[in-house]
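A.B. asks: Listed below are the residues making up each chain.
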Amino acid sequence: MSDVVEKTLSALPSLLSLDSNAGAGKLSSTSKLGNLIRGITELTSKHDEEKLIKKELAAIKEQVASPNTTMRQMKEIMVRAIYCEMLGYQASVSYIHAIKLAQQGSVLEKRLGYLAVSLFLNESDEFLLLLVNTVLKDLQSTNLNEVCMALTAVSQMFPKDMIPAILPIVEEKLTHPKEVIRRKAVLALYKFYLIAPNQVQHIHSKFRKALCDKDPGVMTASLHIYLQLVKESPESYKDLTVSFVTILRQVVGGKLPMDFNYHSVPAPWLQIQLLRILAYLGKEDQGTSEMMYDVLEESLRRAEMNHNITYAILYECVKSIYTVYPKAELLEKAAKCIGNFVLSPKINLKYLGLKALTYVVAQDPNLALPHQMTIIECLDHSDIIIKRATLELLFRITNAQNVTVIVEKMLEFLRQSSNDYSTVDLVGKVAELAEKYSPDNGWFVQTMNSVFSLGGDRMQPDIPNNFLRLLAEGFDSVEEDRQLRLFAVDSYVLLLQGETASLPQCFLQVISWVLGEYAHLRPDQASDPGKVMRLLTRLLDQRHASAQTRRWILSALTKLCSSPVSIALARDVGERYFGSLDTVLRQRAHELMILSQDAGLRGRVLSAEGRLEHVEVDSSLSFLDGHVSEALAAGAAPYKPPHQRQEELAHEKALSLEPYGLSLPVSLSTCSITDRLTDRQSPTRLSISSSVSGNSTELSLKGGSTTLKLDGVKRVWGKEGYLVQQPKEVVEETPLPPTELPSPLGSFQSPVSQTQTASPGPEPDQERQQLASSLFVGVGTHHSVCLMGRTEAAPQRFRRKPKGTGSSSGTSEHSSNSSHSSSGTAAGNTLDSTTAATGQQISQHALGHPPVNGNPIVETPGPLPPVRDGGVAAEIPTGHTDSGTLADPNEDPVPVRPRDLPLISHLPAELSGLARSKLTTLCPGPDPGLALSSCRVYKEDALVLVVFVSNNSDSTLHRVALRFTSKQLEVSCVSGDLVEEVKGHSVATCQYAVVMMRASVDVELAGLVSYQRVPGQPRATPFSLRLSLKHFIRPLTVSTGEYGKMWLSFSHDVKQNLRLITAGDQSPLTATLDTLRDRLHLHVVDIIGSEGIVACRLLRGQPCLLHCRVHADSLAVWLRSPIPEFPDSLLYHCQKALAEA
Amino acid sequence: MIKAILIFNNHGKPRLSKFYEHYSEDTEQQIIRETFHLVSKRDENVCNFLEGGMLIGGSENKLIYRHYATLYFVFCVDSSESELGILDLIQVFVETLDKCFENVCELDLIFHVDKVHNILAEMVMGGMVLETNMNEIITQVDAQNKMEKSEFSSFFSLYRRLSFSLPGRTGRHRLVLQVPLLVPCLP
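Sequence order for the protein chains is A and B.
With the first letter of the first sequence counted as 1, position 373 gets the number 373 in UniProt numbering; the numbers rise by one all the way through.
With the first letter of the second sequence counted as 1, position 120 gets the number 120 in UniProt numbering; the numbers rise by one all the way through.
Keep in mind that the hints were calculated from the coordinates and are not lab data.
Remember, predicted model here, so these are calculated numbers, not experimental data.
Hints are supplied without guarantee of correctness; some may be wrong.
[Claimed, not checked] Quick list of simulated restraints, FRET-style, between CB atoms:
no.	chain 1	residue 1	chain 2	residue 2	range
1	B	22	A	1057	20 to 30 Å
2	B	102	A	1113	23 to 33 Å
3	A	1062	B	22	31 to 41 Å
4	B	12	A	498	36 to 46 Å
5	A	1006	B	22	34 to 44 Å
6	A	643	B	102	53 to 63 Å
7	B	22	A	307	54 to 64 Å
8	A	236	B	22	23 to 33 Å
[Said to hold, decoys possible] Straight line, CA to CA, 16 Å or less: simulated EDC-like cross-link-like pairs of lysine to aspartate or glutamate:
no.	chain 1	residue 1	chain 2	residue 2
9	A	531	A	490
10	A	355	B	21
11	A	231	B	78
12	A	346	B	43
13	A	238	A	290
14	A	178	B	136
15	A	238	A	179
16	A	209	A	235
17	A	283	A	215
18	A	327	A	298
19	B	13	A	48
20	B	99	B	142
21	A	178	A	123
22	B	13	A	85
23	A	283	A	232
24	A	346	B	142
25	A	429	A	462
26	B	13	A	50
27	A	178	A	215
28	B	41	A	383
29	A	137	A	85
30	A	283	A	213
31	B	18	A	85
32	B	13	A	49
33	A	333	A	304
34	A	61	A	85
35	A	209	A	232
36	A	214	A	179
37	B	18	A	123
38	A	160	B	142
39	A	429	A	383
40	B	146	A	213
The beta carbon of each residue, even a glycine, is placed where N, CA and C say it ideally should be.
Taking the hints into account, I'd like the entire structure generated from these sequences.
C.D. replies: Below, the structure is given as structure tokens:
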């Protein structure tokens, strides 16, 4: 303290001199800031502070407005404004003056002006436009300080659109004689690269020059850029590896001036940066890695001094060694290093050691083994961060053998932790492990129970969703499914018998759904049918159940009322909630009442078989179209989804420089009023019919949120006027304050954990040993060094069924009368399976023919519009096939050969009218006497591959047969599978229908032709041909309404910007869409203003929808499909088609 | 990249906040509060790294902090920064402040926010580490201050001692604000 006093005394004379020098103006301004700070320090409450700051801001406002305020005073005012801003109060009146200060002040005032601007404003602020000129001027100033200030300001915040204006000048600064300017210019350019990469594309060579700068400071700055560039595309910078290695070697070898030393370590930050870059470069690249082994080893060796910063280098070095292509010798040294970190008494190093271990166990689980005991110690460490890092490490080494112990440790941590973030994260991990490695049903259900009760309502919503889907979809064995469900039901019944107040809402919802759905599996359900019902009713009446939860409970009750006892109970509940203020609850109660009174209805909807059926959900609420169109006709504004509303709000805030655009015309004719309206009147109707109907305009086109469907089911029966608003509300969640659970599930703990958590015995060491053996069991048994990612050795127990299986069962029957209330709700929860089904049904419905499993060539005229009866011929201009030929490497480059003409005449008559590709020669083969050619014929419902077998020799060919093998294609023979004989100089044709099973960009189809020239001597020749996705795409003719409906039900989407094509007098959008239509057989559904919608389908497969919008000079395309691969592959073809156009 | 640099005292009062990414005013205040909440309840003998602030965090980002006497210095960084490297950068920053302000204390930061910002700007530019050498930083700051010195007499560590007092508080409080951040016998 004496130091302070001494300083105070020593400051006295200078203070006095200041007093006399600076004059009164200076003092008064000083005291203003002093007054403010003094005032704030005295205050005790936030409220007082607010009042004081308000007063201060008012004073500032008055002063800045006064014309007498000098620049110097302004500077002082800015400091006060900065202070207010720091405390979280907007001093917006001073913004413009900060800019003014930067513009007009002297160097010092300018600096404060720039500082204030960079603290007050952000990139998107319109005020910044006013600063552009100032920056421009200062960048060209001869005063170095001004240039520095401008560069600093530019790197902090600069409007993206204005970068081109100053880019040349900043570039120029790269050759400035002053080192500090060059350095700042490099960083400013890096910042530009980050916010607008394509604008600095052309100066990459200058970055290289900066890397070779004679000043190490500039070189260091350029490494920021290279770290980013190399991270993004290591391939493009492999040539720089030698340079980086050389630089690092020089740095490590102490070649830099002493100024760069920090605690006698040469340029440590530079070393760290270089090691990171090398790691990216050497990753999975043996050649490059070999170049850096030496220098890595040297830095590992040099970094031995006992200072914090050397550990930083060591850590980075170890990480690099484990990232690059492995070298045994180095790995050994690095492993030793990690050991030192983990064992270090310094807690920071221990933390990093654990992190490093987490990083490397993915490659070699054995590395964790020597540190078992340390890891166990860390599990009980007093620092929660260390504990957390240890759990992360354990998560990485979990396998089927140690999963119970590790999960128990995680749950233990969760019970103590109060940090929201780590809870959410860890809960997700536990759920993942439980799903992956669960040893048995009982354990799985109990673990998930803990997850739900600990994770509460903060956890990711997909955890309960996945769990329910798992229960609903089941696994391969029926018996196992039954057991799992029964186990879940039993455990929930047990839970509900206890105290339920502490259970989170989402857990209660899971419980009610499972009970409603599977309570019938209970053996005592027959003897005491009212038991589950009573439990649920009790829960329903409890105060802690939220409205949302009550809805779940009521729908569970609806599913359960089948026996006389439960009917009585149901009626009772129905009566009680009949007058509920909550509309949905009232609705449910109403349904329940009617169901309990009408035995016939019950028999129909609650029949035992009905449980297995899936119900189609009309998620687009298209049956409300009538209402919507009425409302629109009456002048109501079209519905906009929340994100669009927000977007518009944001737009409104900004100045709009464009003239007002035309609003979309809402024509009444497109909004057909459907007769489905009447369906809504009956509240007993428990399902929603979903034949595609009408046009739901904006609503169905843009309300793409998937959460919508979850509850969409429930609210369908409401009164008009209310329902239109639904989509906004259904997304609601009821966030509850986090509830700490002591241990509501204590009774469910697994046996292993009970031995673990036993009171500390007399031999704690032995206990730890035991824990270690149970934690690390199975770790390191698989020795394979996996370079990337976790080794997934153990089979995944709960492997989800492919979605297709679920949907195919759903497709069988989907008429409205077969629906079942329980599966109606199930559909809401087990979302994906149902939406997939819906998509398929719609597509089939729209196409008007059932899936053909037999001979695909059979014409199915069906209810297709007459124009299209002749297949796609009308749709595909001949130009298309030409482009197809160009793109296909396997096809013959010679366009027309004389032999084509006779060959093509062999084309079967029924195919001759259809669009087809050119002939392709398949295999020249060793036998000159045999030639194979093929031709693709595009039928509406199939791709027919016609193979011409020409016998060019005099002798006869016997038993000619073709065999095709491909994983992705399904090839079925239409005719000519086996031709008994092909006479000399004649041609046989074989037809095959090809269907793409999984959408992919293009596919190789391998085939084998076998024949006998001399009977009894079979010969064979292989051939192959390439088929592309676009051969399998057919237009999907849907109306805008149907499109909207399908759009909502598809889950996989991809977005991408495509290039716009400009052609003649057409608008770019139309031209681009037409090109796509012609080249890829898409169907352009509608074009409205700057948006267009396009649909197509895979042959006998799923549809894919494209939503295009013109955005500046590119076309933003949003693709959606029920299958994930389709949009990606289609997008590729779209890009290609547009590039070729 | 460094996302934000926060300095607040033992009671959570912000002394400096610099964000290198844009957040709304409210979010910024929330981040400061949350960070203080996270950092302040940690003991002295635990590690200097923190994961998982909800707002600035996510799994990508980390808080790296140091506690000096009455102030916490917190750097929020993403995964591209070295933890230990940043830890030493904080030390360099505080040592530089100490050189510039001669035994820097909380009061210096209160009254010279602008100067602290200027020093910081020489170390970190737009979220990237620009300079780590203390002497170099001081040279740069001094070069700019020369102009200032021609206008005023020496500006560092002047009027904080006498022209300013905190009435209504005991002298002890004032002394707390004047506790040097760095122990004088630092290596």
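A.B. asks: Does each hint hold? Answer for all of them.
C.D. replies: Okay, the hints, checked on the actual structure:
Separated by about 24 Å at the C-beta atoms, residue 22 (chain B) and residue 1057 (chain A) satisfy the suggested range of 20 to 30 Å. Between residue 102 (chain B) and residue 1113 (chain A) the Cβ separation comes to about 59 Å, which falls outside the hinted range of 23 to 33 Å. The given range of 31 to 41 Å is respected by residue 1062 (chain A) and residue 22 (chain B), whose C-beta atoms sit roughly 36 Å from each other. Hint check: residue 12 (chain B) to residue 498 (chain A), Cβ distance near 41 Å, so the stated range 36 to 46 Å holds.
For residue 1006 (chain A) and residue 22 (chain B), the Cβ-Cβ distance of about 55 Å falls outside the hinted range of 34 to 44 Å, so the restraint is violated. Between residue 643 (chain A) and residue 102 (chain B) the Cβ separation comes to about 54 Å, which falls inside the hinted range of 53 to 63 Å. As the Cβ distance of residue 22 (chain B) to residue 307 (chain A) is approximately 37 Å, the hint placing it in 54 to 64 Å is violated. Remark: the range hint 23 to 33 Å for residue 236 (chain A) to residue 22 (chain B) is upheld by a beta-carbon distance near 30 Å.
For the proposed pair residue 531 (chain A) and residue 490 (chain A), the alpha carbon gap of about 12 Å is at most 16 Å, so the pair holds. Taking the CA atoms of residue 355 (chain A) and residue 21 (chain B), the gap is near 27 Å; set against the 16 Å cutoff, the hint is violated. Taken as a hint, the residue 231 (chain A) and residue 78 (chain B) pair is honoured in the structure, with Cα atoms around 14 Å apart against an allowance of 16 Å. A threshold of 16 Å between alpha carbons decides the hint, and for residue 346 (chain A) with residue 43 (chain B) the separation of about 14 Å falls inside it, so the pair holds.
For the proposed pair residue 238 (chain A) and residue 290 (chain A), the alpha carbon gap of about 12 Å is at most 16 Å, so the pair holds. At roughly 14 Å between alpha-carbon atoms, residue 178 (chain A) and residue 136 (chain B) fall within 16 Å of each other, so this suggested pair holds. For the suggested pair residue 238 (chain A) and residue 179 (chain A), the alpha carbons sit about 28 Å apart, so the restraint of at most 16 Å is broken. Proximity of residue 209 (chain A) to residue 235 (chain A) is assessed by CA-CA distance (about 20 Å); at most 16 Å being required, the pair is judged violated.
For the proposed pair residue 283 (chain A) and residue 215 (chain A), the alpha carbon gap of about 29 Å is over 16 Å, so the pair is violated. Among the hinted pairs, residue 327 (chain A) with residue 298 (chain A) is consistent with the structure: their alpha-carbon atoms are about 14 Å apart, no more than 16 Å. In summary, the hint linking residue 13 (chain B) to residue 48 (chain A) is supported, as the alpha carbons are separated by about 15 Å, within the 16 Å threshold. With a C-alpha separation of about 11 Å, the suggested pairing of residue 99 (chain B) with residue 142 (chain B) holds against the 16 Å cut-off.
About 28 Å separates the Cα atoms of residue 178 (chain A) and residue 123 (chain A), which puts this hinted pair outside 16 Å; it is violated. Distance check on the hinted pair: residue 13 (chain B) and residue 85 (chain A) sit about 13 Å apart at the alpha-carbon level, within 16 Å; holds. Restraint check: the Cα-Cα separation between residue 283 (chain A) and residue 232 (chain A) comes to about 13 Å, which is no more than 16 Å; the hinted pair holds. Between the alpha carbons of residue 346 (chain A) and residue 142 (chain B) the distance comes to roughly 37 Å, so the proposed pair goes past 16 Å and is violated.
For the hint pairing residue 429 (chain A) with residue 462 (chain A), the CA-to-CA distance comes to about 12 Å; that is within 16 Å, so the pair holds. As the CA atoms of residue 13 (chain B) and residue 50 (chain A) are separated by approximately 14 Å, the hinted pair is consistent with the 16 Å bound. Only pairs whose Cα atoms come within 16 Å are accepted, and residue 178 (chain A) paired with residue 215 (chain A) is accepted, the gap being roughly 10 Å. A C-alpha spacing of about 11 Å is found between residue 41 (chain B) and residue 383 (chain A), which places the hinted pair at or below 16 Å, so the restraint holds.
Of the supplied pair hints, the one linking residue 137 (chain A) and residue 85 (chain A) is violated, its CA atoms being roughly 28 Å apart against a limit of 16 Å. In summary, the hint linking residue 283 (chain A) to residue 213 (chain A) is not supported, as the alpha carbons are separated by about 27 Å, beyond the 16 Å threshold. At most 16 Å may separate the alpha-carbon atoms for a hinted pair to count; residue 18 (chain B) and residue 85 (chain A) meet this at roughly 11 Å. Between the alpha carbons of residue 13 (chain B) and residue 49 (chain A) the distance comes to roughly 12 Å, so the proposed pair stays at or under 16 Å and holds.
Between the alpha carbons of residue 333 (chain A) and residue 304 (chain A) the distance comes to roughly 13 Å, so the proposed pair stays at or under 16 Å and holds. Using a Cα cut-off of 16 Å, the hinted pair residue 61 (chain A) and residue 85 (chain A) holds, with the two alpha carbons roughly 14 Å apart. Distance restraint check for residue 209 (chain A) and residue 232 (chain A): the Cα-Cα separation of roughly 20 Å exceeds the 16 Å cut-off, and the hinted pair is therefore not satisfied. Using a Cα cut-off of 16 Å, the hinted pair residue 214 (chain A) and residue 179 (chain A) holds, with the two alpha carbons roughly 9 Å apart.
Pair hint residue 18 (chain B) plus residue 123 (chain A) holds up; C-alpha atoms about 15 Å apart against a cutoff of 16 Å. At roughly 32 Å between alpha-carbon atoms, residue 160 (chain A) and residue 142 (chain B) are farther apart than 16 Å, so this suggested pair is violated. Restraint check for residue 429 (chain A) and residue 383 (chain A): the C-alpha separation of about 21 Å exceeds 16 Å, so the hint is violated. Simply put, residue 146 (chain B) and residue 213 (chain A) have alpha-carbon atoms about 29 Å apart, too far for the 16 Å limit, and the pair is violated.
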